[in-house]
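K.L.:
Going down the list, the protein sequences come from chains S and C.
According to this note's numbering, the first sequence holds residues 1 to 115 in order.
According to this note's numbering, the second sequence holds residues 1 to 113 in order.
To be clear, the hints were calculated from the coordinates, so they are not data collected in a lab.
Heads up, some of the hints might be wrong.
Claimed, not checked - Far from chain S by the CB rule (all over 12 Å, computed), these chain C residues:
1. 12
2. 15
3. 71
4. 85
5. 112
What the hints assert, rightly or not - Covered stretches of chain C (chain S as the covering partner; in silico rule of three or more C-beta atoms under 8 Å from a C-beta of chain S):
6. 46-57
7. 60-70
Claimed, not checked - Here's a subset of chain C near chain S, in silico, CB distances under 7 Å, partners left out:
8. 32
9. 43
10. 94
11. 98
12. 99
13. 100
C-beta atoms are modelled at their ideal positions from N, C-alpha and C, and glycine is treated no differently.
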Amino acid sequence: GAGVSQSPSNKVTEKGKDVELRCDPISGHTALYWYRQRLGQGLEFLIYFQGNSAPDKSGLPSDRFSAERTGESVSTLTIQRTQQEDSAVYLCASSLDGGGTDTQYFGPGTRLTVL
Amino acid sequence: AQSVSQHNHHVILSEAASLELGCNYSYGGTVNLFWYVQYPGQHLQLLLKYFSGDPLVKGIKGFEAEFIKSKFSFNLRKPSVQWSDTAEYFCAVNAPRSYIPTFGRGTSLIVHP
Numbered sequence: 001g002a003g004v005s006q007s008p009s010n011k012v013t014e015k016g017k018d019v020e021l022r023c024d025p026i027s028g029h030t031a032l033y034w035y036r037q038r039l040g041q042g043l044e045f046l047i048y049f050q051g052n053s054a055p056d057k058s059g060l061p062s063d064r065f066s067a068e069r070t071g072e073s074v075s076t077l078t079i080q081r082t083q084q085e086d087s088a089v090y091l092c093a094s095s096l097d098g099g100g101t102d103t104q105y106f107g108p109g110t111r112l113t114v115l
Numbered sequence: 001a002q003s004v005s006q007h008n009h010h011v012i013l014s015e016a017a018s019l020e021l022g023c024n025y026s027y028g029g030t031v032n033l034f035w036y037v038q039y040p041g042q043h044l045q046l047l048l049k050y051f052s053g054d055p056l057v058k059g060i061k062g063f064e065a066e067f068i069k070s071k072f073s074f075n076l077r078k079p080s081v082q083w084s085d086t087a088e089y090f091c092a093v094n095a096p097r098s099y100i101p102t103f104g105r106g107t108s109l110i111v112h113p
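Here chain S stands alone, though its shape is the one from the complex (with noise of 0.2 Å):
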């Protein structure tokens, strides 16, 4: 089956613009996680979906991020007025039903460079 996928693979932007990522998680999984990797460093946490409850956004660096996901499908990250510390992959993640022991299965990532 199709796992995770995550568009568009490669980001290039200007400071200040606004970018947009998607996440396509598996069918299925009522959970949903979106982290960042900054080069040479573990997964930073960003926020987290969990079918219909509210989602966990104490990972968000700075109000210029937010993200939206529509039911238990399609999430998006937004990212505004873009600065250069935002270059970083952009990991998404999705998980059967979000438990402590669950397995995650992650997309290939969106590689953003701010320039």
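Please build the complex by placing chain C on the supplied structure of chain S, with the hints as guidance.
P.N.:
Below, chain C alone, put in the same frame as chain S:
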């Protein structure tokens, strides 16, 4: 706050050598533990996980990890590595009733044929 430490950032081995990658966490109480792997050009994928039972966990491709509660460790091992094990390895820790794992920085493993 939880933190996860992977002390080996870069490891270079020859084929058939034994591997041990360290993972330590700073969290009291019962935790759920994961190792993920990212092969070149591929997605991050689960290697193995532990949440209860036998503290020696076996995963895919001959990997295993041992949970030592007293040492707050979950080290990854493989007795004989292959060139195809070249990858980035990430340790992750979840506390029960926490759905947000904390990831370590990762260890880059290069295996020379």
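K.L.:
Among all the numbered hints in the text so far, which are the ones the structure does not match?
P.N.:
7
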